[in-house]
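There are 2 protein chains.
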Amino acid sequence: MMPYFSETFGNPLSMHRFGAEALEAVEIARGKIAKTINAKPEEIVFTSGGTEADNLAVKGVAYAKVQQGKNIITSPIEHEAVGNSCRYLAEHGFDISYLPVDVDGRVSAADARAKITPKTVLVTIMHANNEIGTVQPIEDIFRIAGEKGVITHTDAVQTYGALPIDVKAMKADLLSMSSHKIYGPKGIGALYVREGVDVVPMMHGKGQEKGKRAGTLNVPAIVGFSIAAELAVKEMKKESKRQTKMRDRFINHITDAMKGIKLNGHPTKRLPNNINLSFDGITGDEIIKDLGRHGVAASTSSNSNVLRIIGVSGEKATGSVRITLGRETTESDARHVMAMLQKLVENARKRY
Amino acid sequence: MMPYFSETFGNPLSMHRFGAEALEAVEIARGKIAKTINAKPEEIVFTSGGTEADNLAVKGVAYAKVQQGKNIITSPIEHEAVGNSCRYLAEHGFDISYLPVDVDGRVSAADARAKITPKTVLVTIMHANNEIGTVQPIEDIFRIAGEKGVITHTDAVQTYGALPIDVKAMKADLLSMSSHKIYGPKGIGALYVREGVDVVPMMHGKGQEKGKRAGTLNVPAIVGFSIAAELAVKEMKKESKRQTKMRDRFINHITDAMKGIKLNGHPTKRLPNNINLSFDGITGDEIIKDLGRHGVAASTSSNSNVLRIIGVSGEKATGSVRITLGRETTESDARHVMAMLQKLVENARKRY
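Protein chains in written order, with my numbering: chain A, 154 to 505; chain B, 154 to 505.
Okay, chain A solo, but in the shape it has when bound (with noise of 0.2 angstroms):
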């Protein structure tokens, strides 16, 4: 990113020199970030991140097609860009349809088609969830979608970088990707838009982006994006299988060690980066505390609309804690973490 910050400054929109230099290296960033997804260059939209490619597919999509109809399917547990956007159609005269979810906090192609009307519009499903990690059956409920000719969007923010993606065989018509998840600069994303679909622009301006998104182009995160994209696609193989390992050994040996734990999502079908425990009796804002003290950062899911809805109600919603593995997370972490959390969990449990 470097170099884009100083000698190679120019805004690709300019006439000259610097502004050739600058679209050149978006250029070749986006052809990057196509390949990984099996897209067209022309298909990349860069946004200022996850957020915005979410809004930008969501409300781009029913303002494009609000002659030909208002329902929109989703799920209950989307992430917020996703969940609030859909909100704030709802207030303005749009049809919100949720999808059931089961315990794992999966959603199924049978509800899917049962739900869809000449009225839907759109189908906007995230392929993974941040919260739990279940990955969802996007193929089989955007292949019902598309036979229906409704068009389909997923936030795959959680997935990119970690699952393989190819937009054609996930029948997918957008699909959400941010930078900064896969270790890139922040600020930084993207939404695929498969050619011939519309959005309405949420940026109004000098009409960058094939008028999709206005505004001076982000060169040096873009470059940034583009080369974490090309790492994390390189070593997604070997990586995904490596932390999907230690994942469930670390699962596994807490869950042996100890009563009263419970994972959240599905066992399988879930991201390998993501373990997200429930513990009887206890409070998760307590354990990420004691957690943060011996210099480890978790998540919490208190108050989570997730846990609620997969029905992990009550004393065990607020007692979720969330662990995220990472590309520098060795086996010794993962055991270190592991029997540091066993402790903490039984030193709270005796305090009550």
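These are computed hints drawn from the structure, not numbers from a lab. Don't take each hint at face value.
No copy is singled out in the list; a pair is fine if it fits within one copy or between any two copies.
Subject to a maximum C-alpha distance of 25 angstroms in a straight line, what follows is the list of computed SDA-like cross-link-like pairs (lysine to any residue) [stated by the list, open to error]:
no., residue 1, residue 2
1, LYS442, HIS169
2, LYS412, GLU180
3, LYS272, GLU244
4, LYS391, GLY434
5, LYS193, VAL386
6, LYS185, SER159
7, LYS387, PRO317
8, LYS363, PRO229
Given chain A, put chain B in place with the hints provided.
Same frame as chain A, now just chain B:
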């Protein structure tokens, strides 16, 4: 910015230590930006750039005030981010009133007063024009709007860091800024939103920026933007004086030396760095290309609505060349470009 790309990589939303460090950096930056325009830190909303800030201001206020009225007052020579946001609103049931501009590209407070109706909810006028450099009488217009209870927005992307800005003295309720125009990184900007002013967000998601703009905060860019802002404001008085002198010398010398030249925009109420000239009988494009071959990056305003609107029509409009002075432009650079421009124009004229 550098540490925030690597060691301090956290998401300000995260509960753990990495999140807290990132959040602290963002809040320090927010305070710095606020200080440069006499605002409170909580009145600064970070966006992906000037385009997003303008879109959020114009559409955000329009939709927030839709129950009260649908009239918006603007000028016909706004940047496309405001201009096309207004056009979008016009297609969706809003009524856009355009103030007349004089030959120098200025709008007047008297015209603004005459256009305001009980249905007017927003006056949006740019602080200075990006093509012709003309500075608008913002304070006068916004005082009148304020007296009538109308929300005021100015696109200050061109003036921020170049001219003193005090949102209270200007009576601005909203003000757009961009980082890369002040030598900061691309992909970041901000919208000042006065306390108590509502905007409907464009980005729905996790509710960052007090619900006004969702999306993971771009920590390194925010930090870089704040440092660039501090530097720009620190150097502003000296640099603005230096550039104004250089600009006027350039304009005076070249208009003395040649016939058939017109300065576009106001002669004195003008951005310190902006030179926009029309040359009788030749096109801007060819001069830009000639300059480019000699290593000078300039811009043309061919097909410019701004020039057509201020009455530089037909051949003259196609012959406009914009030269922008920068922090690194020396007197010797300016003399060199002036001599070159004169020669290139003379040669081009001989070809006809």
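25 angstroms Cα threshold - placement of HIS169 relative to LYS442: between (54 angstroms within a copy, 8 angstroms between copies)
Up to 25 angstroms CA-CA - GLU244 versus LYS272, copy category: Intra 17 angstroms, inter 24 angstroms, cutoff 25 angstroms: intra and inter.
One pair to classify: LYS185 and SER159, alpha carbons no more than 25 angstroms apart. Within, between, both, or neither? both (23 angstroms within a copy, 23 angstroms between copies)
Which holds for LYS391 with GLY434 at a C-alpha limit of 25 angstroms: within a copy, between copies, both or neither? Answer is neither: 38 angstroms inside a copy and 65 angstroms across each miss the 25 angstroms cutoff.
Please work out whether the CA atoms of LYS387 and PRO317 approach to 25 angstroms or closer within one copy, between two copies, in both situations, or in neither? within (11 angstroms within a copy, 50 angstroms between copies)
Quick one: LYS193 to VAL386, C-alpha cut-off 25 angstroms, is that within a copy, between copies, both, or neither? Close inside one copy (17 angstroms), not across copies (44 angstroms); limit 25 angstroms.
Within a copy, between copies, both or neither: where do LYS412 and GLU180 come within 25 angstroms Cα-Cα? The answer is neither: 54 angstroms in one copy and 43 angstroms across copies each exceed 25 angstroms.
For LYS363 and PRO229, with the copy left unspecified, which applies at a CA distance of at most 25 angstroms: within, between, both, or neither? Between. Shortest inter-copy distance 24 angstroms satisfies the 25 angstroms Cα cut-off; intra-copy 32 angstroms does not.
Violated hints for the displayed structure, listed by number in ascending order: 2, 4.
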